[in-house]
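*Asks:* Residues per chain, in single letters:
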Amino acid sequence: MNHFQRARLADRDRGQRRIAHVTRGIAAGGGLAAAVIAIVLAQGPAAGSTASTISDSSPVQSAVQYSQQGSEQTLQPPAAAPSHSSGGGSHTRSGAS
Amino acid sequence: MTITAHRTDVTGAPEASGETGVIEVRFSAIGTTAALVVTDPAAASAAEAMLRADLAELDRVCSRFRADSEIRELERTAGSPVTVSPLLAEIVDTALRAAQLTDGIVDPTVGTAMAALGYDRDFAALNVDGPPVVAVPAPGWWRISWDPRSREILLPHRISLDVGATAKALAADRAAARIAAKLRCGVLVNLGGDLAVAGPPPARGWRVLIGDDHTHPDPDGGHGVAIASGALATSGTARRQWRRGGDLMHHILDPRTGAPAAGGWRTVSVAAASCVDANTASTASIVLGAAAPGWLTARGLPARLVTDAGDVHTVAGWPATAPAPAGMGVL
Chain A
19 MNHFQRARLA DRDRGQRRIA HVTRGIAAGG GLAAAVIAIV LAQGPAAGST ASTISDSSPV
79 QSAVQYSQQG SEQTLQPPAA APSHSSGGGS HTRSGAS
Chain B
81 MTITAHRTDV TGAPEASGET GVIEVRFSAI GTTAALVVTD PAAASAAEAM LRADLAELDR
141 VCSRFRADSE IRELERTAGS PVTVSPLLAE IVDTALRAAQ LTDGIVDPTV GTAMAALGYD
201 RDFAALNVDG PPVVAVPAPG WWRISWDPRS REILLPHRIS LDVGATAKAL AADRAAARIA
261 AKLRCGVLVN LGGDLAVAGP PPARGWRVLI GDDHTHPDPD GGHGVAIASG ALATSGTARR
321 QWRRGGDLMH HILDPRTGAP AAGGWRTVSV AAASCVDANT ASTASIVLGA AAPGWLTARG
381 LPARLVTDAG DVHTVAGWPA TAPAPAGMGV L
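Protein chains in written order, with our numbering: chain A, 19 to 115; chain B, 81 to 411.
I should point out that these hints are in silico values taken from the structure, not numbers from a laboratory. Wrong hints could be hidden among the right ones.
[Claimed, not checked] Facing chain B, from chain A, some residues (calculated, C-beta under 7 Å):
1. R26
2. R30
3. G33
4. Q34
5. S108
6. H109
7. T110
8. R111
9. G113
10. A114
11. S115
A quick note: this is a predicted structure, and the numbers were derived from the prediction, not measured. Every residue, glycine too, gets a C-beta built ideally from N, C-alpha and C.
Produce the complete structure using the sequences and hints provided.
*Replies:* Have a look at this one:
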């Protein structure tokens, strides 16, 4: 690996660490905000107006905005693991493409 | 991009399985083989039309080898915020989610690194041999500024996106769900070995023959499994190989180095709830190497991993390897 490649790799590692830091920060901030909101909702007399205020809040701003809308934030396993196929031919093939 | 379709009755042994009229349609699209299997023969033509339309739109939006694709246009406007189409938004969102969930092991900015290794055009037009090249790490997915609410993206200069793997898997998920909902039958969509199923499955599940190459059965007949729902994807280094300076290249790169992954796995198959997740995990596993079995197990993802030497490992409930039953591999 030459100097250029090492520099690019170091740059990439720095970016990866930075985004991990931002992600943790957003997660921690989100957790804290949820706790505060829960307390406010539990104590406040006008839940409807409070909820409206929350829904109008501006999105979290960061250098990188990558939060996905409505998608799972973990890789989701199947409902059931594959089973042995017991003859009768195959419907299709799976392999490298 | 598409050529003539090949239609086959793949019912197998209806007298034993209780299946009737399971039909497969196969055609070339998006640089690979598209296969569609439906449990209702009367739905085959309509289902084929829906899949072809989906894949034509996918190609127009995100082919990195088409000068008129939306993703190439995005690269031409690098440095400025751009609002993308709903489909490209979903593709970008999916690719960035994969990057996030794999700590950058599956990185859409790998297009830059791929081009540096010489894979800069449709594989069929690629020179299989050429002069030496220098690998460059992928610039990094976190450099992309993306707001999913407004569908606005800011792509920095000198970043070439390659969303092929996750986009193909997303297309399989979308098409299978859409076709099953509209035509009310069981559907399997297989795009180059990455497949999603939806609707009621055949009596004994969707039977899938696993191998190194989705176009040819393994010499030993392959490994047969059945799934009733979800998806299954296989990543491998056995196809799309070329040489530069005498060194063998393949299309699964380690974004940290920009070089072809050399983790010791030849083929990895993963089952997941969606084809996107299965493909993300199978691709990451090729790059992760020795860490892959533990990584997959921790996520509860059933998988079959084959070493470069041909040794087979299974994790998280994937059935241990057994010889393929007689008749398998004949489509």
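*Asks:* Would you mind marking each hint as holding or not holding in the structure?
*Replies:* Evaluated hints:
1. Of the supplied interface hints, the one on R26 (chain A) holds, with its beta-carbon coming within about 5 Å of a beta-carbon of chain B, less than 7 Å.
2. The interface hint given for R30 (chain A) holds, since its Cβ lies 5 Å from the closest Cβ of chain B, which is under the 7 Å cut-off.
3. Nearest Cβ of chain B to the Cβ of G33 (chain A): about 4 Å, under the 7 Å cut. The hint holds.
4. Because the closest C-beta pair between Q34 (chain A) and chain B is about 5 Å apart, less than 7 Å, the hint holds.
5. The criterion of a C-beta within 7 Å of any C-beta in chain B is met by S108 (chain A), whose closest approach is roughly 4 Å, and the hint holds.
6. Interface restraint check for H109 (chain A): the shortest CB-CB distance to chain B comes to about 5 Å, inside 7 Å, so the restraint holds.
7. Of the supplied interface hints, the one on T110 (chain A) holds, with its beta-carbon coming within about 5 Å of a beta-carbon of chain B, less than 7 Å.
8. Here the hint on R111 (chain A) is kept, as its CB sits about 5 Å from the closest CB of chain B, short of 7 Å.
9. Look at G113 (chain A): its Cβ gets to within about 4 Å of chain B, closer than 7 Å, so that hint holds up.
10. With 7 Å as the threshold, the beta carbon of A114 (chain A) comes within range of chain B, its nearest partner Cβ sitting at about 3 Å, so the hint holds.
11. The restraint placing S115 (chain A) at the interface with chain B holds, with a minimum CB-CB distance near 3 Å, inside the 7 Å limit.
The structure shown violates none of the earlier numbered hints.
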